[in-house]
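Build the full structure now, drawing on both the sequences and the hints.
Protein chains in written order, with the working numbering: chain F, 1 to 302; chain R, 1 to 263.
Please keep in mind that the hints were generated in silico from the structure rather than gathered at the bench. Worth double-checking, as some hints may not be accurate.
[Said to hold, decoys possible] Under the rule of at most 30 Å between Cα atoms (straight-line distance), these lysine-lysine pairs were calculated in the DSS-like manner:
| # | chain 1 | residue 1 | chain 2 | residue 2 |
| --- | --- | --- | --- | --- |
| 1 | F | K90 | R | K109 |
| 2 | R | K192 | R | K235 |
| 3 | R | K192 | R | K24 |
| 4 | R | K248 | R | K24 |
| 5 | F | K90 | R | K62 |
| 6 | R | K68 | R | K109 |
Note that the coordinates shown come from a computational prediction; the quantities given were computed from them, not determined experimentally.
These are the residues of each chain, in order.
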Amino acid sequence: MIEGILVEGLIYSILALGVFVSFRVLDFPDLTVEGSFPAGAAAGAMVASALNLSPNHFAKALAVPAGMLAGFLAGGAAGFATAAVYHRLKVPALLAGIVTMTGFYSINLRILGGKPNLPLITNNPMLNLARTFSGGLLPPDLSLLVACVLVALLIFGVLDLFFHTEIGIAMGALGDNENAVIQAGIQPGNLRTWGIMLANALPGLSGAMAAAYQGFADVNLGQGVVAAGLATVMLGELVVRSQFISVQLLRVIVGSIIFRALMYAARSWGYLAGITPNDLRLLTALLIIASVAVSRYGRKRR
Amino acid sequence: MIRVEDIVVSFSLGGGQEHTVLRKLSLEVERGQTVSIIGSNGAGKSTLLNAVAGTVPVRAGKIFLDSKDVTALPEWQRALYVGRVRQDPLAGTAGDMTVLDNLALAARKGPRRFRLATPPRFAREMEGKVAQLGMGLEQRLKENVSRLSGGQRQALTLLMAVLSRPSVLLLDEHTAALDPANAEMVGGLTRKFIAEFELTALIVTHDMKRALEQATRIVMMHEGEIIADLSGAEKEKMDVAGLVRLFKKARGAEYAEDRDLLS
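See the structure below:
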């Protein structure tokens, strides 16, 4: 149970990091994630299942990592579509995201070969991969957890480094004060495009991992992921206050694990309070409202 | 060097109506010269600065910075030549980022690289620069800019505007939102930086005394046109009372025209 929560928390924390980049860093309310997450799942599952069938052991071992890369790229492509619509047609961010998200529903169906879902041939390729890497040293569940920790830490490390580079600083300033970025002689549109691509590539990667973990990709996987991601980001902000980007990134991962734990609790023991799995979306919504309310109240008192 | 040739700036009021803010305005400012721009509200002073910086497009005319025709360049490309401080202390800095990060953003113009933005060497260098402001900000490089006072933030914005050594400095009532002590301090820093970096500066102000003190040339605007341009001996002889008389004369001429028009 605890391994399950942690693994899910870590996989979905990468999605939430994407939401953090768009909503918090870029100040760009991006709904594209509802399309880029399943796009990553679909692309990842297709690549992983193709490589899984290969007789070559090397290709087989690369099935999940290659799927993750495919998911990353598919998500980035969805982000590019939103950025292009936003900049070229000068439509509001929300509309640009809705357009891409709607279009990607069909694109995702095409990626999945016209079927709404795709089971992965071997049950849980992620687990197989983790087992291969641990060389049987660790029990399967634990090796999967270690693999997810490593991936999440890698993503965290790369993002942390990125936001300390010149480009990362400029991206942070863009969401804060676009004028300051223009005064620095930087084209704000291009910078925002890269940012939106990153903010969707991460959910794509997360989608590919989720598909590998669950053992299937589904075109409806994206439903509600923006809200889940936002709830995660806000939970993190509630638990840890900081102005430092490193802590802000790390607390997204913490928030994700808490969010998954709350969802797990609601699923497992919710029946005691009359809560069914159908109520989970309502819980997510209430969680967001509660997070905003608590942070407002806390700010007033300070 | 700034050269503005017959620029026209107008805004659409909707319904086919247009409001012309600058009417074929021309102005040439040589390298290293500081010009105070004065005039009543709505004279087009800020619009002139916006046109030079590229924030508003011109309908006609040409703009040169350092002898280069920049009329067609967008604002972010013109920023290579231009440092800017506006009236609002919040306008030039990213409040949710640290002082050091803001300085890293402003230290260089142009595209960014995948390179650590604030290595220790850069931080040490900036400590020295920020110490020049005399506000103790060198102790607060890791604090968010939103925690600074208006005066501190405006002094930082000024430093950021000149840090990359642009050739042109545009200041739009940049001390107007500050209390007298801070305004004095930022005004002093402005003179210091203009001299140190040999900047060509346009300074919009409503403060006649400061306009006379800080510049070697005074340009008075009214209704989108330059109605007086004082430099050399003419400027040296001028005082606040003289400027006010000039103002009134311009106003009087306007009323005379109105009467002519109506009769």
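Comparing the hints with the structure gives:
Proximity of K90(F) to K109(R) is assessed by CA-CA distance (about 26 Å); at most 30 Å being required, the pair is judged to hold. Restraint check: the Cα-Cα separation between K192(R) and K235(R) comes to about 21 Å, which is no more than 30 Å; the hinted pair holds. Taken as a hint, the K192(R) and K24(R) pair is broken in the structure, with Cα atoms around 33 Å apart against an allowance of 30 Å. With a C-alpha separation of about 23 Å, the suggested pair K248(R) and K24(R) falls inside the 30 Å cut-off, and the hint holds.
Of the supplied pair hints, the one linking K90(F) and K62(R) holds, its CA atoms being roughly 28 Å apart against a limit of 30 Å. Distance hint between K68(R) and K109(R) is fulfilled; the C-alpha atoms sit about 17 Å from each other, no more than 30 Å.
Violated hints amount to a single one, hint 3; each of the other numbered hints is respected by the structure.
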